[in-house]
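In the order they appear, the protein sequences are chains R and Y.
If you count the first sequence from 1, you need to add 335 to reach this note's numbering.
If you count the second sequence from 1, you need to add 335 to reach this note's numbering.
No wet-lab data here; the hints were simulated from the structure.
A few of these clues could be false.
Identical copies carry no separate label here, and so any pair may be met within one copy or between two of them.
[What the hints assert, rightly or not] List time: in silico PhoX-like cross-link candidates among lysine-lysine, alpha-carbon distance up to 25 angstroms:
no.: 1; residue 1: 416; residue 2: 437
no.: 2; residue 1: 437; residue 2: 378
no.: 3; residue 1: 345; residue 2: 447
no.: 4; residue 1: 356; residue 2: 416
no.: 5; residue 1: 345; residue 2: 446
no.: 6; residue 1: 356; residue 2: 446
no.: 7; residue 1: 371; residue 2: 447
no.: 8; residue 1: 371; residue 2: 356
no.: 9; residue 1: 345; residue 2: 356
no.: 10; residue 1: 527; residue 2: 447
no.: 11; residue 1: 356; residue 2: 447
Single-letter residue listing:
Number of protein chains: 2
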Amino acid sequence: MNILEERIRKDGIINDNQVLKVDSFLNHQMDVALFKQMGEEWKRRFADVPITKILTIEASGIGIACIVSECFNVPVVFAKKSRTINIEGDMYTAQVESFTHKCTNQIMVSKKFLGPEDHILIIDDFLANGCALQGLISVVSQAHATLEGIGIAIEKGFQNGGQIIRNLGYRLESLAIIESMDGATGQITFRKQHHTAPQK
Amino acid sequence: MNILEERIRKDGIINDNQVLKVDSFLNHQMDVALFKQMGEEWKRRFADVPITKILTIEASGIGIACIVSECFNVPVVFAKKSRTINIEGDMYTAQVESFTHKCTNQIMVSKKFLGPEDHILIIDDFLANGCALQGLISVVSQAHATLEGIGIAIEKGFQNGGQIIRNLGYRLESLAIIESMDGATGQITFRKQHHTAPQK
């Protein structure tokens, strides 16, 4: 079991709506020392590819991406969310439908900060149905940049977002993949991964 | 001149609406190595106070706060913005009026993550009229935590947000205070500060 899986088991809470809450260390209060260990693990998994920039999306992806970027020694760009159509022509944009929030957001990245010369690692905290991630992939594609890989902290393996991304041939490394969880017992089952995770 | 002032002079752009754009290194693309140097400067300025937690607000404050937190070795909590009234009773909330965006946001912090035992350093990227900052101060006050200080990257000294905060007796350390800027010439004048900034 890797360090993130251990932490989810210790501090994750499954609430009444069968939602896993990790707000004590990941997406409200943030354990930056944990983020650094996650960064080192991604650095190990993506050691064979050249990364020039990390791309993430506001808001909770930003903290993880910044700490992870220290392991890769590259800048971070975060996609901005907006409910309004942006009329500036100097932006890559994508429509992102959120099933959770039942709304459509536009995401935007300035053309100044992504181009054909870039080798991108996408970093985000959660992957469920994958809508936000699909938007980020679209932005990388619009920029004619090379998408070297995708690092996700927690993938909900019982939703199909991860499978779609892997079917499309992208290299996706989720540190913790939840196969199932049971709010009544608090039981969380992780998908077994072939990676040899560093010992604590 | 400190490292942030130098960077603003080099890469900051004053656009047609007299707005300083620093999106190439601060709030869209993020130069994490610069953030680390800013963190070391704040650590120097706040060396005499005990900090247990850093508080910031989504979105662009999060990256700076996370890197700065490594210098203080403490967790980060970020306030979430919402346009809707949150009915959960386990949140500290404050209303924040944005003059720029002509709307009112609610900001929220879970009561689980701030309490009377905490000594808080607030970190944010910009201070202009100070509305977001006032909301964060209100949250710290509701939690009966101790506000040890406020670290701002760029203060617009020609707006009154900083003066109000200093008048209220808070310890505010802005790394770059802009006295004036001229879109026609690109000239930026910084307020002279008494701190001895580390040399490059």
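Hints, one by one, checked against the model:
1. 416 x 437: The answer is both: 15 angstroms in one copy and 17 angstroms across copies each meet 25 angstroms.
2. 437 x 378: neither (35 angstroms within a copy, 42 angstroms between copies)
3. 345 x 447: Result: close only across copies, 16 angstroms inter versus 42 angstroms intra.
4. 356 x 416: both (22 angstroms within a copy, 18 angstroms between copies)
5. 345 x 446: Between copies, since 20 angstroms is at most 25 angstroms while 42 angstroms is not.
6. 356 x 446: between (35 angstroms within a copy, 15 angstroms between copies)
7. 371 x 447: Between copies only: 23 angstroms across, 28 angstroms inside.
8. 371 x 356: within (21 angstroms within a copy, 30 angstroms between copies)
9. 345 x 356: within (12 angstroms within a copy, 43 angstroms between copies)
10. 527 x 447: Answer is neither; intra-copy 40 angstroms and inter-copy 32 angstroms both fail.
11. 356 x 447: between (36 angstroms within a copy, 13 angstroms between copies)
Against the hints set out earlier in the document, violations occur for numbers 2 and 10.
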